[in-house]
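Peer 1: Chains as they are written, first to last, in our numbering: chain Z, 105 to 213; chain B, 32 to 484.
Accuracy of the hints is not assured; some may be wrong.
Computed list of lysine-lysine pairs in DSSO-like fashion (alpha-carbon distance at most 27 Å, straight line) [claimed, not checked]:
id	chain 1	residue 1	chain 2	residue 2
1	B	307	Z	150
2	B	224	Z	120
3	Z	132	B	307
4	Z	133	B	140
5	Z	132	B	79
6	Z	141	B	307
If you want the footprint, here are the derived chain B segments under chain Z, 3+ residues with CB under 8 Å [to be verified]:
id	region
7	283 to 297
8	300 to 309
9	318 to 325
10	398 to 404
11	417 to 430
12	463 to 477
Source of the hints: derived by calculation from the structure; they are not laboratory data.
Heads up, the beta-carbon is just placed ideally off N, CA and C, and yes, glycines get one too.
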Amino acid sequence: MRIRLDKICHVRSGDKGDTGNVGLIARKKEYYPIIEKYVTADRVKKHFEGIALGPVERYELPNLWALNFLLHHALGGGGTKSLKNDAQGKTLSAALLRMEIEINEEIIL
Amino acid sequence: MKELIRIASGQGFWGDLLTAPIDQVTKGPVDYMMMDYLAEVTMSIMQKQKRKDPKLGYAKDLVELFEQILPVCVEKNIRVITNGGGVNPVACSEAILNVARKLGIKKLKIGVVLGDDILERIDELASQEIPLKNMETGENLSNVRTKLQSANVYFGAFPVVEALHQGAQIVITGRTTDTGLTLAPMIYEFGWKEDDWDKLAAGTVAGHILECGGQASGGNFSADWRAVPDLAHIGFPIAEAHPSGEIVITKHENTGGLVSLATVKEQLLYEIGNPKEYITPDCVADFTTIQLESGGKNRVKMTGVKGKPATEYYKVSMSYLDGYTAVGTLTYSWPDALEKAQKADEVLRTRLNDLKLEFEEVRTEFMGYNSCHGPLVTEVTNLNEVVLRVGVRSQDFKAVERFGKELAPLILTGPPAVTGFAGGRPKPSEVISYWPALIPKNAVKPEVVIKEI
Numbered sequence: 105m106r107i108r109l110d111k112i113c114h115v116r117s118g119d120k121g122d123t124g125n126v127g128l129i130a131r132k133k134e135y136y137p138i139i140e141k142y143v144t145a146d147r148v149k150k151h152f153e154g155i156a157l158g159p160v161e162r163y164e165l166p167n168l169w170a171l172n173f174l175l176h177h178a179l180g181g182g183g184t185k186s187l188k189n190d191a192q193g194k195t196l197s198a199a200l201l202r203m204e205i206e207i208n209e210e211i212i213l
Numbered sequence: 032m033k034e035l036i037r038i039a040s041g042q043g044f045w046g047d048l049l050t051a052p053i054d055q056v057t058k059g060p061v062d063y064m065m066m067d068y069l070a071e072v073t074m075s076i077m078q079k080q081k082r083k084d085p086k087l088g089y090a091k092d093l094v095e096l097f098e099q100i101l102p103v104c105v106e107k108n109i110r111v112i113t114n115g116g117g118v119n120p121v122a123c124s125e126a127i128l129n130v131a132r133k134l135g136i137k138k139l140k141i142g143v144v145l146g147d148d149i150l151e152r153i154d155e156l157a158s159q160e161i162p163l164k165n166m167e168t169g170e171n172l173s174n175v176r177t178k179l180q181s182a183n184v185y186f187g188a189f190p191v192v193e194a195l196h197q198g199a200q201i202v203i204t205g206r207t208t209d210t211g212l213t214l215a216p217m218i219y220e221f222g223w224k225e226d227d228w229d230k231l232a233a234g235t236v237a238g239h240i241l242e243c244g245g246q247a248s249g250g251n252f253s254a255d256w257r258a259v260p261d262l263a264h265i266g267f268p269i270a271e272a273h274p275s276g277e278i279v280i281t282k283h284e285n286t287g288g289l290v291s292l293a294t295v296k297e298q299l300l301y302e303i304g305n306p307k308e309y310i311t312p313d314c315v316a317d318f319t320t321i322q323l324e325s326g327g328k329n330r331v332k333m334t335g336v337k338g339k340p341a342t343e344y345y346k347v348s349m350s351y352l353d354g355y356t357a358v359g360t361l362t363y364s365w366p367d368a369l370e371k372a373q374k375a376d377e378v379l380r381t382r383l384n385d386l387k388l389e390f391e392e393v394r395t396e397f398m399g400y401n402s403c404h405g406p407l408v409t410e411v412t413n414l415n416e417v418v419l420r421v422g423v424r425s426q427d428f429k430a431v432e433r434f435g436k437e438l439a440p441l442i443l444t445g446p447p448a449v450t451g452f453a454g455g456r457p458k459p460s461e462v463i464s465y466w467p468a469l470i471p472k473n474a475v476k477p478e479v480v481i482k483e484i
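Make the full structure from the sequences, and use the hints.
Peer 2: Okay, structure coming up:
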């Protein structure tokens, strides 16, 4: 089945210099293995093509049913240097929720 | 020893909800209130203010705030800890003592934490072979030395603990970590040791939850923002800390907002890097060990946090002047709003090229269409309106200033149905860039001074 991440996750993002961080949290415990399996660093790097100009790192926090992504060079220089409306990456979180994944498992939404 | 202390979050940044700290000290029981005022850019703004007037350089909001909360804090013996002292914590403490005198308060002890501001010590440190290289790029500080605006060491909780031991009811610091402000009262009340890594980590995680104010209690809540009750009167988070390191996050009854597993998790994920190594001057906390459980309505219990030894270094945050920017906007309406805005951008860029101005970057965004999600946005047809937003950056002030004069002419010499220029020409503002570095802990010494009446 195909699902968009906003159906199974909630999020928060912020900035550290020119790096954006996006926390992706499964809404239910049983959704966590799904995002751990399918929402890989590579997949997220592709999703943010043209936004995250540097590498994407992923860290797992299974205790919080969450993944943390670091999007390097995603904020137009960061801080007061950035010319972006969203210089602090506050909406990068919502941008990740647009991602759709094709999963082999059947889950109840 | 107390079995429980309540630490309230009063402010999450300089510019936060002004009624929040007043609510925290009046709407229910608290023992301590922490207030975080400092972002990286804040220190350079404060240095600039201090250069103009040696009595400034701190969060001026604090003066008005203490006029309102000092009597109740004295009456209830609530101790207030804040890093709003910025680059001038002494002047800040004197301003607060003046407030106390004006209010007729007879006795007040303020602890001031000093020693974090090393702007005047850069050359001395270099001579001690402490080069303060950029920890991200490895560059030498000499590249930006003459353009430095501020240089501050991040101190942790222990200088604040010292001030509490000396009887301070209010503690004013410069660049103390946000988390240290919350951790300090736990160390002080429960006698935690400098190597109680798990407990220090638990207090640090609580500090991370509190440091952004309402963002842990229903603000900016993505999971279900519609379900958050009474955001207008949001109650800021409160940490109920126990000597064992068990901590409950809650808020006052009869306030708006929401404290739930989901609101706390979202804040835990905010602005973190590697969750196994959340580095502070006090310890290295492991966020993958945090265990959360619901403890009833608006209560979340946190246990199990593991910590590792602190590193041998403090982080230093420096800022330097790095050119100028200006950003301007114009609003285009239906029909064909996006196309008109795109045409206006093309005309503007042609004129900037004709003038041969040098910019490091010219950035165009179409608000209402792509300014947040850029290439990820879906196609839309015939938007009702679009805001053209153009920004430029250059080392050349004059180029940036001239850009500001090229926007308004588009109203009479560009595509039609355009408005929204009431604010006047965009003014150049200074770019402040960061220079993060490390410094051996033994190269700086926090100092605690007591000011009192």
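Peer 1: Now look at each hint and say whether the structure bears it out.
Peer 2: The hints, checked one at a time:
The straight-line distance between the Cα atoms of residue 307 of chain B and residue 150 of chain Z is roughly 26 Å, inside the 27 Å bound, and the hint therefore holds. The straight-line distance between the Cα atoms of residue 224 of chain B and residue 120 of chain Z is roughly 31 Å, outside the 27 Å bound, and the hint therefore fails. Of the pairs offered as hints, the one joining residue 132 of chain Z and residue 307 of chain B holds, with about 23 Å between alpha carbons and a cut-off of 27 Å not exceeded. A C-alpha spacing of about 49 Å is found between residue 133 of chain Z and residue 140 of chain B, which places the hinted pair above 27 Å, so the restraint is violated.
For a cut-off of 27 Å, the pair hint linking residue 132 of chain Z to residue 79 of chain B is broken: about 49 Å separates their Cα positions. For a cut-off of 27 Å, the pair hint linking residue 141 of chain Z to residue 307 of chain B stands: about 20 Å separates their Cα positions. Counting residues of the region 283 to 297 of chain B whose CB lies closer than 8 Å to any CB of chain Z gives 3, which reaches the minimum of 3, so the coverage claim holds. Judged by the Cβ-Cβ criterion of 8 Å, the region 300 to 309 of chain B is covered by chain Z as claimed, because 8 of its residues qualify and three suffice.
Here's how the region 318 to 325 of chain B fares: 6 of its residues keep a CB closer than 8 Å to some CB of chain Z, so the rule of at least three is met and the hint holds. Beta-carbon proximity to chain Z at under 8 Å applies to 4 residues in the region 398 to 404 of chain B; the threshold of 3 is reached and the given coverage holds. Restraint check on the region 417 to 430 of chain B versus chain Z: 4 residues with Cβ-Cβ distances below 8 Å, three needed, restraint holds. Chain Z is given as covering the region 463 to 477 of chain B, and this holds because 4 residues of the stretch bring a CB closer than 8 Å to a CB of that chain, at least three being needed.
Violation of the numbered hints given earlier is confined to hints 2, 4, 5; the remaining hints are satisfied by the structure.
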